[in-house]
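S.K.: Here are the chains, one letter per residue:
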Amino acid sequence: KQEVTQIPAALSVPEGENLVLNCSFTDSAIYNLQWFRQDPGKGLTSLLLIQSSQREQTSGRLNASLDKSSGRSTLYIAASQPGDSATYLCAVRPLRTGTYKYIFGTGTRLKVLA
Amino acid sequence: DTGVSQNPRHKITKRGQNVTFRCDPISEHNRLYWYRQTLGQGPEFLTYFQNEAQLEKSRLLSDRFSAERPKGSFSTLEIQRTEQGDSAMYLCASSLEEGRLAGEPANVLTFGAGSRLTVL
Numbered sequence: 034k035q036e037v038t039q040i041p042a043a044l045s046v047p048e049g050e051n052l053v054l055n056c057s058f059t060d061s062a063i064y065n066l067q068w069f070r071q072d073p074g075k076g077l078t079s080l081l082l083i084q085s086s087q088r089e090q091t092s093g094r095l096n097a098s099l100d101k102s103s104g105r106s107t108l109y110i111a112a113s114q115p116g117d118s119a120t121y122l123c124a125v126r127p128l129r130t131g132t133y134k135y136i137f138g139t140g141t142r143l144k145v146l147a
Numbered sequence: 012d013t014g015v016s017q018n019p020r021h022k023i024t025k026r027g028q029n030v031t032f033r034c035d036p037i038s039e040h041n042r043l044y045w046y047r048q049t050l051g052q053g054p055e056f057l058t059y060f061q062n063e064a065q066l067e068k069s070r071l072l073s074d075r076f077s078a079e080r081p082k083g084s085f086s087t088l089e090i091q092r093t094e095q096g097d098s099a100m101y102l103c104a105s106s107l108e109e110g111r112l113a114g115e116p117a118n119v120l121t122f123g124a125g126s127r128l129t130v131l
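Top to bottom, those sequences are chains D and Z. Everything in the first sequence is counted per this note's numbering, starting at 34 for the first residue and increasing by one. Everything in the second sequence is counted per this note's numbering, starting at 12 for the first residue and increasing by one.
So here's chain D without its partners, still in its complex pose (with noise of 0.2 Å):
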């Protein structure tokens, strides 16, 4: 059974940190690997999509990396601003015929202090 953790479950760092998140996942047979936002009370917003072939993926001043023989991702946040205040989740998509569910983790609170 495919089970997703994120650690640590909150981070407060100072604004223009770099910072890096970590999620693992118990079984490497992933199609792919979703990072998403969350803001308080609202829905999830994508980030970066990693496919089970890929190594890693940029958008901006994030950066996800995937090593799926250690079950490992992490998403690398370069000069956090308040505004990168949220919890972050990962997602993994199972390599399994006939489930597209995407499991997820339980996320990590992150506050940017200005």
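Hints were generated in silico from the structure; no laboratory data involved. What you are looking at is a predicted structure, and each value in this text was computed from that prediction instead of being measured. Be a bit skeptical, because a hint or two may be false.
Claimed, not checked - Have a look at the derived ranges for each label pair, beta carbon to beta carbon:
hint : chain 1 : residue 1 : chain 2 : residue 2 : range
1    : Z       : Q52       : D       : S45       : 17 to 23 Å
2    : D       : S45       : Z       : N29       : 39 to 45 Å
3    : D       : R88       : Z       : T31       : 39 to 45 Å
4    : Z       : K25       : D       : S61       : 44 to 50 Å
5    : Z       : L66       : D       : A111      : 37 to 43 Å
6    : D       : T91       : Z       : G27       : 46 to 52 Å
Think of the CB as a built atom: it goes at the ideal place given N, C-alpha and C, for glycine as much as any other residue.
Start from chain D and add chain Z according to the hints.
M.R.: Quick look at chain Z alone, frame taken from chain D:
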């Protein structure tokens, strides 16, 4: 296109009543998901539609829950005989299947703002 739309945004009901939520996905998206999220937790998968076919259901989806997507466009999620444990945010997401529309990103989940259910 204004993205994924969910209605109502907030529903307060008494235990035992039935509630229905509606999701209007992005029009080109043929895949549709329902998730449930409680405070401090990640979203939990409920069910998945590809076009009008319901292809996957979670064991969380008890017989009190039913979902439909009659014409492969909007979807409804009904909860019968609500219980206090059903209180949660119900999230809908849609995505595009690979190869469906040239030049458009496949598999990227677009979520609605959610429908928050409070059962008293």
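S.K.: State for each hint whether it applies.
M.R.: A quick look at each hint next to the structure:
1. For the pair Q52/Z and S45/D, the beta carbons lie near 21 Å from each other, so the given range of 17 to 23 Å is met.
2. Range check, S45/D to N29/Z: Cβ separation about 43 Å, and the 39 to 45 Å hint holds.
3. In this structure the hint that R88/D and T31/Z lie 39 to 45 Å apart at CB holds, the actual value being about 44 Å.
4. At about 46 Å, the beta-carbon gap between K25/Z and S61/D stays in the expected band of 44 to 50 Å.
5. Look at L66/Z against A111/D: about 39 Å separates their beta carbons, and that is inside 37 to 43 Å.
6. For T91/D paired with G27/Z, a C-beta distance near 51 Å keeps the hint of 46 to 52 Å intact.
The structure shown violates none of the earlier numbered hints.
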